[in-house]
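*Asks:* Single-letter residue listing:
Protein chains: 2
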Amino acid sequence: MSRSFSDWATWHQMEIFDASKSAWREGEKALIARACRQFGACVPPSPFGPGDDCALLGRGAFLQNVFATSDAVIFGRHFDADAPPRRVGEKLVKRNASDIAAMGAAPKFALLCAICSKDVSADWLDEFCRGAGQCADRLGIKIVGGDMASVPERFFSAHMTLLGDSDFPALLREGARAGDKICVTGALGFSRESGRHLDFEPRIAEGGFLARRSCALSRGAEGASACTDISDGVAADLKNLLSPETCALLYSERIPRAEFGGLRASLERALCDGEDYELLFAWRGEFGPLEREWRGNFECEICEMGKIFDASEFARRFGIPDARQCAREIFVSENGRPPARFSRGGFSH
Amino acid sequence: MSRSFSDWATWHQMEIFDASKSAWREGEKALIARACRQFGACVPPSPFGPGDDCALLGRGAFLQNVFATSDAVIFGRHFDADAPPRRVGEKLVKRNASDIAAMGAAPKFALLCAICSKDVSADWLDEFCRGAGQCADRLGIKIVGGDMASVPERFFSAHMTLLGDSDFPALLREGARAGDKICVTGALGFSRESGRHLDFEPRIAEGGFLARRSCALSRGAEGASACTDISDGVAADLKNLLSPETCALLYSERIPRAEFGGLRASLERALCDGEDYELLFAWRGEFGPLEREWRGNFECEICEMGKIFDASEFARRFGIPDARQCAREIFVSENGRPPARFSRGGFSH
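Chains as they are written, first to last, in this note's numbering: chain W, 58 to 406; chain B, 58 to 406.
If you are wondering where the hints come from, they were derived from the structure by calculation, not from laboratory data.
Treat the hints with care, as some may be off.
If several chains are the same, the list does not tell them apart, and a pair holds so long as it fits within one copy or across any two.
[As the list claims (entries may be wrong)] Derived pair list, reagent style DSS-like, types lysine-lysine, alpha-carbon separation capped at 30 Å:
1. K296 with K364
2. K238 with K78
3. K175 with K86
4. K364 with K86
5. K175 with K296
6. K238 with K296
Same shape as in the complex, but just chain W (with noise of 0.2 Å):
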């Protein structure tokens, strides 16, 4: 491949791979985040942009309330070589049907890009098209088209673009506020160990519920006020619901812990293993008429696990000298005891 003279010059200090200079140093969000500098003024702010569970494409003659997103399964990140094939392809549909729901849209329309190397068995492959495509079907979504490329070993990733459409506007990440509940579908944790992560459903119906009652806050009546799903685990994707101002406070006991082999999740797991999908959403109003209404409509266990507070009021009610502490941060209340900080490590007392 040919080059210009400036080029050669650019080229010479930018060796692709260099570890010492690693574009991962400082982890993901940072990476991502300092991609969209790059960008630069292509990037719109989210919801139009990244940041929130889909992108919004809200400003086309055509393109009006569409919601996009992308997700991967990559071998030896996402799965090994145990998992059975099918429940792959599944998988790659389900986690990006999930951050359409976690903003309250139906899935529709998606491409799906696969890096595929030679060395790949087409027995494999088949079954990988298989689950996707009957997954994709149950969940009403066409496969229109994508992309297959081959690399020479051991290596297969697939890439889906997801775009779905709703006819109420988007349920936010943003929008919570001091006085909300935070509540949460379905039960948390063991997600690897019981196949959760690969066999979990994405709550489309429910998002689509929690859509349509979100529009019911600008009446001044109760609804849903953000949403996102659960991939990262509570304790990180509880913040992203969380403004500058705010944080939250979760009751120990009211944690929805899911069960495998005999044993029941602890705090830890269920707030950090992450691969629930679950919804995770901020709700103004009463839990009770909340609760009869979803029994009403679906299967799945909804809970009321904590509460949105203004951060400077918590850290004068539980006696925290300095509220910058509180902000944008998870509490937790074991048993009526005083709140401790939580984050990803467990507590700090």
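Chain W is already provided as a structure; the job is to place chain B on it using the hints.
*Replies:* Relative to the frame of chain W, chain B by itself:
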């Protein structure tokens, strides 16, 4: 990761990597066709599914007349360590934009998913992202989302899904008939040596013009009847404009051949190199008036290089015993000599 017993039984016959059963055995086209068969009922027919330059999303309340396409740049396959990262980023955007242009639409929204090994240099990635971002901005594209995933070492791929829209019906690959002229923009061949596989300009305005003029066909006026962009080379891509009843005749001396380093591309190179990213289209009507209108609007060259024939009539006229040998084939006439069949391997007289 856990499995039920029935999963285990399936899995046991299902190694992901097994070169003796390679999914690529019968080539890319067969692999994609096989994958689509496995996807099953969720795959719509072209142009609403795979098979054209983009998929047309034409059946949803909010997804009317939306065009979607996905393409990648993969290290070692679409670029190598010599390629300036900024140009690689530009290429990712432009090769997708070229697919949108080939259907006469305008690109609008993109999702960018990268798989980036831990040893990819942050400087390299910055340059890549700047190239993609600036190119997107210049072409009116918003990068609204995507994903960054890591793998251990020496790997970089980036997939883009690009959405576009149009005020006109899609300009499809299908639609040409006997008598239509075969036209092409720009010049063909030497795309690697000349660096044009990185430097090309997607023909967005030109595609829009052709889509507008294809509407005229239904009123009996002159216009474009089919279009694609040239990625695999004319020898392969022109076949996509032919129905089972037609064949193409190209006039050797009219084929626009690129020059590089004082050399002019041979016929073989012009038709087979690929990655030209020019528009290849069928025109129903006189070429003269089109050419004059084109020159008033666009800088890039346009060329009438051949004609579409009814395969049976072609066989009769040139004394070919079996018309089936002509169907969907490309013939080249050199300086008025009788046409010879041309394929990727060269002429077969």
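*Asks:* Identify every previously stated hint that the structure contradicts and give their numbers, smallest first.
*Replies:* Violated hint: only 2; rest satisfied.
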